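Just need the whole structure built from these sequences, with the hints factored in.
2 protein chains.
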Amino acid sequence: MIGRLNHVAIATGNLQQAADLYKTVLATNDQVSEPQALPEHGVTTVFVNTGNTKLELLEPLGDSSPIAAFLERNPAGGVHHLCFEVEDLDSACAQLTSAGMRVLGEPKIGAHGLPVVFLHPKDCGGVLIELEQTK
Amino acid sequence: MIGRLNHVAIATGNLQQAADLYKTVLATNDQVSEPQALPEHGVTTVFVNTGNTKLELLEPLGDSSPIAAFLERNPAGGVHHLCFEVEDLDSACAQLTSAGMRVLGEPKIGAHGLPVVFLHPKDCGGVLIELEQTK
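So the sequences go chain by chain: A and B.
For the first sequence, my numbering begins at 1 and goes up steadily by one.
For the second sequence, my numbering begins at 1 and goes up steadily by one.
Do not take every clue at face value.
Since the list gives no way to pick out one identical chain from another, each pair is judged satisfied if it fits inside one copy or across any two copies.
What the hints assert, rightly or not - Below, computed lysine to any residue pairings styled on SDA-like, alpha-carbon distance capped at 20 Å:
1) K122 with G13
2) K23 with A99
3) K23 with K122
4) K122 with H112
5) K54 with E72
6) K108 with P75
7) K54 with P35
8) K108 with S64
9) K122 with R73
10) K135 with D90
11) K122 with S33
12) K135 with N52
13) K54 with T134
14) K54 with H112
15) K23 with C93
16) K54 with T44
17) K23 with S65
18) K23 with R4
19) K23 with L89
20) K23 with L128
21) K54 with E87
Keep in mind that the hints were calculated from the coordinates and are not lab data.
All of these numbers come straight from a predicted model, not from anything done at the bench.
Shown next, in the form of structure tokens:
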């Protein structure tokens with residue numbers, strides 16, 4: 001069912017430092033985007049293009065950021081979730097629910113303007129998984 | 001410097017259960033490999049092919065598995081490391097060391113028969129990063 005790994009989301013308490021790490025040490029300047037504030041998602045993002053997929057560096061934005069609790073537990077930052085592409089999100093959710101998986105809430109429009117849902121990490125070997133419809 | 005994301009390594013205390021999750025729920029049967037014991041690396045692995053990259057499911061093997069401590073801290077499992085490809089590992093290590101990054105030990109031959117090193121997660125925003133030479 002799952003298709004390509006769309007991105008690996010990495011939470012950080014210091015986006016500038018994380019972006020600089022990739023811009024100047026691990027990656028090259030043209031692999032790393034400028035920061036983009038997404039107040040409706042409670043994060044500011046920087047993308048790192050690895051050629052075959054992306055890293056999405058996430059810093060909390062505002063008072064109720066969805067990554068705030070993760071950073072309280074992991075102050076140094078770390079991998080927050082993995083996002084896989086699916087062709088048809090409604091069909092994927094029906095299939096997952098019938099297999100006993102917990103889909104967290106209803107599909108909503110994600111940071112890339114496409115429908116997304118998250119799956120309960122307890123059903124996914126401790127990994128928070130996002131599914132994003134491909135179009 | 002870093003190239004493609006070669007794989008996302010996911011540690012699990014129950015490889016059969018993790019493989020079944022991907023084989024029967026999240027992925028399709030032909031995306032998921034059979035388990036492969038790698039006693040010299042202290043793990044048994046299953047690969048999940050997402051088309052653009054791989055997930056590497058890891059279960060401890062033997063008494064001194066490198067993922068045992070991670071599973072003690074994260075009994076449900078979780079993302080253990082990200083592996084990026086580099087063209088020339090010695091040159092990458094020299095560049096990283098001169099930028100003040102801690103390379104953990106000397107390059108050694110990894111699970112795919114290619115030279116690898118790990119970088120200190122405290123220098124990488126809380127993420128354990130493996131670099132693998134492409135050939």
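These are the hints, each one checked on the structure:
For the homomeric pair K122 and G13, the shortest alpha-carbon distance between copies (13 Å) is at most 20 Å, but the shortest distance inside one copy (25 Å) is not. For a Cα distance limit of 20 Å, the shortest separation of K23 from A99 across copies, 12 Å, qualifies, whereas the shortest one inside one copy, 42 Å, does not. Taking the shortest alpha-carbon separations for K23 and K122, only the inter-copy value of 17 Å comes in at or below 20 Å, while the best intra-copy value is 34 Å. In this homomeric assembly, K122 and H112 never come within 20 Å of each other (Cα to Cα): the closest approach is 26 Å inside a single copy and 30 Å across copies.
Proximity of K54 to E72 under the C-alpha cut-off of 20 Å is found in neither arrangement, the shortest distances being 25 Å within a copy and 29 Å between copies. For the homomeric pair K108 and P75, neither the shortest alpha-carbon distance inside one copy (28 Å) nor that between copies (31 Å) is at most 20 Å. Taking the shortest Cα distances, K54 and P35 sit within 20 Å of each other inside one copy (14 Å), while across copies they are farther apart (28 Å). Taking CA atoms no more than 20 Å apart as the test, K108 paired with S64 passes inside one copy only; the shortest distance there is 17 Å, against 44 Å between copies.
Taking identical chains as interchangeable, the C-alpha atoms of K122 and R73 lie at most 20 Å apart whether they share a chain (17 Å) or sit on different chains (15 Å). Proximity of K135 to D90 under the C-alpha cut-off of 20 Å is restricted to the intra-copy arrangement: shortest distance 13 Å within a copy versus 41 Å between copies. With identical chains, the CA atoms of K122 and S33 are never at most 20 Å apart, being 32 Å at best within one copy and 23 Å at best between copies. With identical chains, the CA atoms of K135 and N52 are at most 20 Å apart both within one copy (18 Å) and between copies (18 Å).
Proximity of K54 and T134 under a CA criterion of 20 Å is satisfied in both settings, with 15 Å inside one chain copy and 19 Å between copies. Within a single copy, K54 and H112 get their C-alpha atoms as close as 13 Å, which meets the 20 Å cut-off; across copies the closest is 23 Å, which misses it. In the homo-oligomer, the alpha carbons of K23 and C93 lie at most 20 Å apart only across protomers (17 Å), although the nearest pairing inside one protomer, at 37 Å, exceeds that limit. For a Cα distance limit of 20 Å, the shortest separation of K54 from T44 inside one copy, 16 Å, qualifies, whereas the shortest one across copies, 27 Å, does not.
For the identical chains of this complex, K23 and S65 are neighbours neither inside a copy (25 Å) nor across copies (33 Å), given an alpha-carbon limit of 20 Å. With identical chains, the CA atoms of K23 and R4 are at most 20 Å apart between copies only, with a shortest distance of 16 Å across copies and 25 Å within one. Taking the closest pair of Cα atoms, K23 and L89 come within 20 Å of each other only across two copies (19 Å); inside a single copy the shortest separation is 34 Å, beyond that limit. Taking identical chains as interchangeable, the C-alpha atoms of K23 and L128 lie at most 20 Å apart only when they sit on different chains, with a minimum of 18 Å there against 27 Å within one chain.
In this homomeric assembly, K54 and E87 come within 20 Å of each other (Cα to Cα) both inside a single copy, at 19 Å, and across copies, at 19 Å.
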